[in-house]
Amino acid sequence: MPDEVVENSEETNGAPDSGETAEEVKTPPGEDLKEVVESAFPGAVLEQSAYEDHEDETTFVLGVDSLVAVATHLRDHGDSLFKLLTDLTAAHYPEAENPFEMLYHLYSIEHNRRLRLKVRIKEGQAVPTVSGIWTSADWMEREVYDLFGIEFEDHPDLRRILLPDNWGSHPMRKDYPLEGRGERIYTKPTRKEIGD
Amino acid sequence: MVGVANVSRIEQQSTVHGTEELVINMGPQHPSTHGVLRVILKLDGETVNDLDCDIGYLHRGTEKIGENITYTMFIPYTDRLDYIAAPSNNLAWVTAVEKFFDWEIPMRAQYIRSMVGELSRIASHLLWLATHALDIGAMTVFLWCFREREMVLDLFETAFGGRLTVNAFRLGGLHEDVPDKFLQLTQEFIDIFPSRIDDYETLLTNNRIWLQRTRDVGIISAEDAMDLGLTGPIIRGSGVSWDLRRAKPYAAYPYLDFVVPVGENGDIYDRYLVRIEELRQSTRIIQQCLEQLPGGPVTCKTPRTIKPPEGEIYHSIENPKGEFGFYIVSDGTTTPYRVRIRPPSFINLGGLKKLCVGQLVADVVAIIGSIDIVLGECDR
Numbered sequence: 338m339p340d341e342v343v344e345n346s347e348e349t350n351g352a353p354d355s356g357e358t359a360e361e362v363k364t365p366p367g368e369d370l371k372e373v374v375e376s377a378f379p380g381a382v383l384e385q386s387a388y389e390d391h392e393d394e395t396t397f398v399l400g401v402d403s404l405v406a407v408a409t410h411l412r413d414h415g416d417s418l419f420k421l422l423t424d425l426t427a428a429h430y431p432e433a434e435n436p437f438e439m440l441y442h443l444y445s446i447e448h449n450r451r452l453r454l455k456v457r458i459k460e461g462q463a464v465p466t467v468s469g470i471w472t473s474a475d476w477m478e479r480e481v482y483d484l485f486g487i488e489f490e491d492h493p494d495l496r497r498i499l500l501p502d503n504w505g506s507h508p509m510r511k512d513y514p515l516e517g518r519g520e521r522i523y524t525k526p527t528r529k530e531i532g533d
Numbered sequence: 246m247v248g249v250a251n252v253s254r255i256e257q258q259s260t261v262h263g264t265e266e267l268v269i270n271m272g273p274q275h276p277s278t279h280g281v282l283r284v285i286l287k288l289d290g291e292t293v294n295d296l297d298c299d300i301g302y303l304h305r306g307t308e309k310i311g312e313n314i315t316y317t318m319f320i321p322y323t324d325r326l327d328y329i330a331a332p333s334n335n336l337a338w339v340t341a342v343e344k345f346f347d348w349e350i351p352m353r354a355q356y357i358r359s360m361v362g363e364l365s366r367i368a369s370h371l372l373w374l375a376t377h378a379l380d381i382g383a384m385t386v387f388l389w390c391f392r393e394r395e396m397v398l399d400l401f402e403t404a405f406g407g408r409l410t411v412n413a414f415r416l417g418g419l420h421e422d423v424p425d426k427f428l429q430l431t432q433e434f435i436d437i438f439p440s441r442i443d444d445y446e447t448l449l450t451n452n453r454i455w456l457q458r459t460r461d462v463g464i465i466s467a468e469d470a471m472d473l474g475l476t477g478p479i480i481r482g483s484g485v486s487w488d489l490r491r492a493k494p495y496a497a498y499p500y501l502d503f504v505v506p507v508g509e510n511g512d513i514y515d516r517y518l519v520r521i522e523e524l525r526q527s528t529r530i531i532q533q534c535l536e537q538l539p540g541g542p543v544t545c546k547t548p549r550t551i552k553p554p555e556g557e558i559y560h561s562i563e564n565p566k567g568e569f570g571f572y573i574v575s576d577g578t579t580t581p582y583r584v585r586i587r588p589p590s591f592i593n594l595g596g597l598k599k600l601c602v603g604q605l606v607a608d609v610v611a612i613i614g615s616i617d618i619v620l621g622e623c624d625r
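Line by line, the protein sequences give chains A and B. Every letter in the first sequence is one number past the one before it in my numbering, and letter 41, counting from 1, is 378. Every letter in the second sequence is one number past the one before it in my numbering, and letter 79, counting from 1, is 324.
Honestly, the hints are just simulated from the structure, not real lab data. From the three backbone atoms N, C-alpha and C, an ideal C-beta is built for every residue, glycine too. Misleading hints may appear alongside valid ones.
Away from chain A, derived, C-beta distances all over 12 Å, residues of chain B [as the list claims (entries may be wrong)]:
no., residue
1, ASP299
2, PRO321
3, LYS344
4, THR450
5, LEU489
6, PHE503
7, ILE586
8, ARG587
Calculated Cβ distances over 12 Å to all of chain B for the following chain A residues [unchecked claim]:
no., residue
9, SER376
10, GLY380
11, ILE487
List of simulated lysine to aspartate or glutamate pairs, EDC-like, C-alpha gap at most 20 Å [as the list claims (entries may be wrong)]:
no., chain 1, residue 1, chain 2, residue 2
12, A, LYS511, B, ASP461
13, B, LYS552, B, ASP347
14, B, LYS493, B, GLU349
15, B, LYS552, A, GLU389
16, B, LYS598, B, ASP461
17, B, LYS598, B, GLU468
18, B, LYS599, A, ASP402
19, B, LYS493, A, GLU447
20, B, LYS309, A, ASP512
21, B, LYS309, A, GLU392
22, B, LYS493, A, GLU384
23, B, LYS599, B, ASP347
24, A, LYS455, B, ASP469
25, B, LYS493, A, GLU392
26, B, LYS546, B, GLU421
27, B, LYS287, A, ASP494
28, A, LYS455, B, GLU421
29, A, LYS511, B, ASP289
30, A, LYS371, A, GLU432
31, B, LYS493, A, GLU389
32, A, LYS455, A, ASP369
33, B, LYS309, A, GLU438
34, A, LYS371, A, ASP402
35, B, LYS598, A, ASP494
36, A, LYS459, A, GLU384
37, B, LYS598, B, ASP469
38, B, LYS552, B, GLU536
39, B, LYS599, B, GLU421
40, A, LYS511, B, GLU308
Here chain A stands alone, though its shape is the one from the complex (with noise of 0.2 Å):
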């Protein structure tokens, strides 16, 4: 259907943003953070970029050894001051070598701007937690466990959330059946475990 498809793309965007955008065309977007990043820990971003230089996409794509003391560092460094984290959540591509992308999306209330930190994972390989930078990652990383079946180092509490505890399996993974029986698993809990 490609006679469909309309482009826009020589349009200029009226929208209020689109000043910022334009500046920067000249110099890609989050070089002044990535400077921050590497002046302490030289080579920690692994690649950089943002969905059509838009300032607030920034991505930077960190090793998993290194995203505690990076997101720490990101944290407290007066010129990035990202105390919020927005949100955490990760996203399954099956075919790829590292098939999990665990994403943190940072927010710095004092210069307003926002990044998108990225650590690739294996099937299996536990990712450090972050609930000790930001507390509002422990309930973040208990979905995640819950939904994708990853697993956090020293989290405080890894449980499930969402599902119940006993639930087999993990929706939000690209092979998870959207119909019939599938791998749904759920069996009934005993009295003991419950508790009762």
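Given chain A, put chain B in place with the hints provided.
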């Protein structure tokens, strides 16, 4: 009052007989938990020592549904998240998807979006005030608030046909222009509403019982609020002047004049004052929208099949309950590869433990009310 001598006697007794933590189960059918929230409280006498929330009763896998239908088909599903303020959710989704494109949304559509977004904020805050006051024991406020909320729902019905789940907006603008009657009725509502806010305030703001139940209860500092990821009126009640309508403007907000109210102490009373002031500011915004509303089309030219280019975006708006956002990964097809809903109620509820520990069991009800959760969006 228990004298010093008596206290030591009680201590002696307790060492002889031993004291025990009392575990109390609150919900999921408790009326003050505002839906299906279950809280397991561990009490020492009347003081809360620890608590654990049990959520997920309303989990419907909305994110998974979103990953298997088209971008347009997902709009009605967003209604069912925060069903108290459905148009706000629609707005978050359509503005998030529009971030993939360079569409120029007509100004008339932007103004109507802001206007309906503020009406849904009024509807949401009225339901919060009604149930919050009822939890603490004020019955009249409940009846009065529902009287006005009914008027707002009638406005939605006039404009979009639906009352609760309205499916208000479309990608690229609106489905069709709102009828003139909607604008006329909105003006009539705006004319009477400020005096109604005054009426609520005469019942509560200086009411001695209300003050005793809300002042210095459930205090959270600005630093703690940020650490817990709290957003919306809660973080503003703690003195952080941060509103996404101002920080990251969307729709017609860059052209509208409004004040972001902030509290000082971060207690329940400050959150109450912030939300009451937000009601007034919403009224102001709607009045400006009605005055400035331009003519012209309400939708831009959009392709028949919505196929965003490959990439990932995060976009959020200021919902009545806090920051409500979507993280979308597009693989270039008609269905999103990954949809993540950033739910304010879920994350704000994560702060309940911090707010409640050390408080009295009767305050837990007031604190849950002051967080203003809706379980449809919390559980998704």
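Non-interface label on ASP299/B, tested against every C-beta of chain A at 12 Å: violated, 9 Å
Sort out whether GLU392/A lies within 20 Å of LYS309/B, counting only the CA atoms. Given pair LYS309/B, GLU392/A is violated - Cα atoms ~28 Å apart, limit 20 Å.
May I ask you to check that ILE487/A keeps its beta-carbon over 12 Å from the closest beta-carbon of chain B? holds, 14 Å
Between LYS598/B and ASP494/A, does the CA-CA distance stay at or below 20 Å? Holds, at roughly 13 Å.
Grab the minimum beta-carbon distance between PHE503/B and chain A and tell me whether it stays above 12 Å. holds, 15 Å
Quick one: work out the minimum CB distance from LEU489/B to chain A and report holds if it exceeds 12 Å, violated otherwise. violated, 10 Å
Between LYS552/B and GLU389/A, is the straight-line Cα distance small enough, at 20 Å or below? holds, 16 Å
Run the distance test for LYS599/B versus GLU421/B: straight-line Cα separation, threshold 20 Å. violated, 46 Å
Verdict on LYS344/B as a residue remote from chain A, using beta-carbon distances over 12 Å: Since the minimum Cβ distance to chain A is about 8 Å, LYS344/B lies within 12 Å and the statement is violated.
Is it true that the CA of LYS493/B sits at most 20 Å from the CA of GLU349/B? Distance of about 18 Å is within 20 Å: holds.
Under the criterion that the straight-line Cα-Cα distance not exceed 20 Å, is the pair LYS309/B, ASP512/A satisfied? With a Cα-Cα distance of about 12 Å, the restraint between LYS309/B and ASP512/A holds, given a limit of 20 Å.
Below or equal to 20 Å on CA atoms is what counts here, so check LYS455/A against GLU421/B. Violated - the C-alpha atoms of GLU421/B and LYS455/A are around 40 Å apart, more than 20 Å.
Going through the hint list in order, the structure does not satisfy hints 1, 3, 5, 7, 8, 12, 18, 21, 22, 23, 24, 28, 29, 30, 38 and 39.
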